[in-house]
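Q: Take the sequences, apply the hints, and build the full model.
So the chains spell out like this:
Number of protein chains: 2
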Amino acid sequence: MNRLGQGEFEIIEQLKARCESSPVVRLGIGDDCAILQLPPGELLLTTTDMLIESIHFRRDWTDFLSLGRKSAAVNLSDLAAMGALPRALFLAVAIPADLTAADLDLFFTGFLEVCHASKAVLAGGDTCSSKGGVSICVTALGTAPETAVVRRTGAHPGDGIYVTGTLGDSALALQWLMTGRTPPPELLKRHLEPTARVEVGRRLGTAGVPTAMIDISDGLLADLGHILTASRVGACIEIDRLPLSPALRAVGDDDHLLYDRALTGGEDYELLFTAPPEAQGEIDRIATDVDLPITRVGTISETCGEVTLTHAGSLCPIPQHKGYKHFSAGA
Amino acid sequence: MNRLGQGEFEIIEQLKARCESSPVVRLGIGDDCAILQLPPGELLLTTTDMLIESIHFRRDWTDFLSLGRKSAAVNLSDLAAMGALPRALFLAVAIPADLTAADLDLFFTGFLEVCHASKAVLAGGDTCSSKGGVSICVTALGTAPETAVVRRTGAHPGDGIYVTGTLGDSALALQWLMTGRTPPPELLKRHLEPTARVEVGRRLGTAGVPTAMIDISDGLLADLGHILTASRVGACIEIDRLPLSPALRAVGDDDHLLYDRALTGGEDYELLFTAPPEAQGEIDRIATDVDLPITRVGTISETCGEVTLTHAGSLCPIPQHKGYKHFSAGA
Numbered sequence: 001m002n003r004l005g006q007g008e009f010e011i012i013e014q015l016k017a018r019c020e021s022s023p024v025v026r027l028g029i030g031d032d033c034a035i036l037q038l039p040p041g042e043l044l045l046t047t048t049d050m051l052i053e054s055i056h057f058r059r060d061w062t063d064f065l066s067l068g069r070k071s072a073a074v075n076l077s078d079l080a081a082m083g084a085l086p087r088a089l090f091l092a093v094a095i096p097a098d099l100t101a102a103d104l105d106l107f108f109t110g111f112l113e114v115c116h117a118s119k120a121v122l123a124g125g126d127t128c129s130s131k132g133g134v135s136i137c138v139t140a141l142g143t144a145p146e147t148a149v150v151r152r153t154g155a156h157p158g159d160g161i162y163v164t165g166t167l168g169d170s171a172l173a174l175q176w177l178m179t180g181r182t183p184p185p186e187l188l189k190r191h192l193e194p195t196a197r198v199e200v201g202r203r204l205g206t207a208g209v210p211t212a213m214i215d216i217s218d219g220l221l222a223d224l225g226h227i228l229t230a231s232r233v234g235a236c237i238e239i240d241r242l243p244l245s246p247a248l249r250a251v252g253d254d255d256h257l258l259y260d261r262a263l264t265g266g267e268d269y270e271l272l273f274t275a276p277p278e279a280q281g282e283i284d285r286i287a288t289d290v291d292l293p294i295t296r297v298g299t300i301s302e303t304c305g306e307v308t309l310t311h312a313g314s315l316c317p318i319p320q321h322k323g324y325k326h327f328s329a330g331a
Numbered sequence: 332m333n334r335l336g337q338g339e340f341e342i343i344e345q346l347k348a349r350c351e352s353s354p355v356v357r358l359g360i361g362d363d364c365a366i367l368q369l370p371p372g373e374l375l376l377t378t379t380d381m382l383i384e385s386i387h388f389r390r391d392w393t394d395f396l397s398l399g400r401k402s403a404a405v406n407l408s409d410l411a412a413m414g415a416l417p418r419a420l421f422l423a424v425a426i427p428a429d430l431t432a433a434d435l436d437l438f439f440t441g442f443l444e445v446c447h448a449s450k451a452v453l454a455g456g457d458t459c460s461s462k463g464g465v466s467i468c469v470t471a472l473g474t475a476p477e478t479a480v481v482r483r484t485g486a487h488p489g490d491g492i493y494v495t496g497t498l499g500d501s502a503l504a505l506q507w508l509m510t511g512r513t514p515p516p517e518l519l520k521r522h523l524e525p526t527a528r529v530e531v532g533r534r535l536g537t538a539g540v541p542t543a544m545i546d547i548s549d550g551l552l553a554d555l556g557h558i559l560t561a562s563r564v565g566a567c568i569e570i571d572r573l574p575l576s577p578a579l580r581a582v583g584d585d586d587h588l589l590y591d592r593a594l595t596g597g598e599d600y601e602l603l604f605t606a607p608p609e610a611q612g613e614i615d616r617i618a619t620d621v622d623l624p625i626t627r628v629g630t631i632s633e634t635c636g637e638v639t640l641t642h643a644g645s646l647c648p649i650p651q652h653k654g655y656k657h658f659s660a661g662a
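In order, the protein sequences belong to chains A and B. Under this note's numbering, the first residue of the first sequence carries the number 1, and numbering increases by one thereafter. Under this note's numbering, the first residue of the second sequence carries the number 332, and numbering increases by one thereafter.
Think of the hints as simulated: they come from the structure by calculation, not from any bench. Don't take each hint at face value.
Taking lysine-lysine and the BS3-like style, the derived pairs with C-alpha atoms no more than 27 Å apart in a straight line are [unchecked claim]:
(1) A:Lys131 / B:Lys462
(2) B:Lys347 / B:Lys462
(3) A:Lys189 / B:Lys462
(4) B:Lys347 / A:Lys131
A: So this is what it looks like as structure tokens:
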């Protein structure tokens, strides 16, 4: 017996009525496939991400409005990391019997809000029941002219290393939740409802600024590692430059702990990119335009895969735990 | 402790090495997004489907090779139903701790086999752990020229109603599994490893034959209902024309039960389409070319939503249970 009291088709009909139109989406929810007509000459960028109950979220920590927002944002963040303009999202949800229609409605509301803010539309999906927890899978499609697409492969020695926003907020909130404490509201919001840096990613890509870019989902060091491997370069991070939010500093942890969290904490969903020194002026202009700090935190070096950390010019040890890995020992 | 004994990145690396190349996929697994370059002027068709343990499959009924094949096939079937050529698939899997590396390898093998057979490639995805069962979400991308795309909306009174292959095999196998019996191998295979009718769907679309088309996942009557609603027409089905496999007939159930299963049994993944009488010659040619029977089972009528069933020219009652619905009463 399901508390939703409605069939799959009714859920789809309700959701369909709330979907916005788009010049790119010729046909949205309601046939075997969605039909999209992409702008001529642009590349299609596609990403898919799952959010699984008890792995990526806990129902006693998040409400469904936040969960809907986050489900859209983490996928849009991958599009942002390649400089793409989001176009259409596809949402699959497996729904356990104890979920109420109100919860499901809140979830869709949050999801559609974030789609709307990024000018993407919900164009299709799947709903089914679940005998376990809630499983969510989102696929996001974006487009970009070839010249605006940023991969992980182009970082050069001498390039600056930049991050948007602030680091470590989400990780602190998660750590407090896991130890039974209530995180400060600003930090909790950063964990439960991360913002995808869609506009800044697209602006950077269009301006041809980044030589490599990635979003920080597994922690700065872990995700920087992907750029270093792909670009066959190394990096020096000046940890005293890492951007920390006033809310994170106000927690009163010592600097070592704060920087460690900024280096290894996951789910910031900020953008990490590399750019040559002459791009600094353009980066500053974009940061001003989108009203988001972009901070230079280090420099790309020559030795493939080597990362050094400095604090006030002196070398520091690398944290042993570099970031979140599914299936890693002890997980 | 996870029996896989390897991290997410190692799983991705192994899978990446097994992915085929494609002229459409400029960049597959390994960055934030896949990059696709679609043929100029073609439309993009996208579908997403979940397969959830204990809802869509049971590990004591299927092995992981079959599950991998089915996960690809059910999505390719949606592309086939609109006449699209499959291009790229995205595979997200949530993996519980008790899954072995051998199971996962079999799953990927089955999935990649079916991709290969339809000339589509695996271009991206997501892997994560699960505290519940296995959750699989596949997104399939295909392309078609606008003239080849078939929707559900174009059925006209007087059009013939056609189905590919045979009906009811999968439903019988499922019924036997649910009652503890071992189904005949041919029927079990139809349930565990359905074939997506990719080639025939594309051929029909390219030839401009169908006025409406859908794949039969919820049962002939339920899926025909979607065409009737979308096209605002009715239908008469001649149940003695329903194509039944020799293996299904050999089971020895009486005709009433056989036809009921063919009308309401889910997961046939055959194509159901409508076409004007003058298309019969082209339909026969395509059936011969792809070596798959295409059977006329009825005629589109004028009264919106009305379905009549006949047997040897006499009216028959409509089965009460029209097809599988998630969340329906008692589910």
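Q: Now look at each hint and say whether the structure bears it out.
A: Hints, one by one, checked against the model:
1. A:Lys131 / B:Lys462: With Cα atoms ~12 Å apart, Lys131 of chain A and Lys462 of chain B stay inside 27 Å; holds.
2. B:Lys347 / B:Lys462: Holds, at about 25 Å.
3. A:Lys189 / B:Lys462: holds (25 Å)
4. B:Lys347 / A:Lys131: Since the Cα atoms of Lys347 of chain B and Lys131 of chain A sit roughly 31 Å apart, the hinted pair is violated (cutoff 27 Å).
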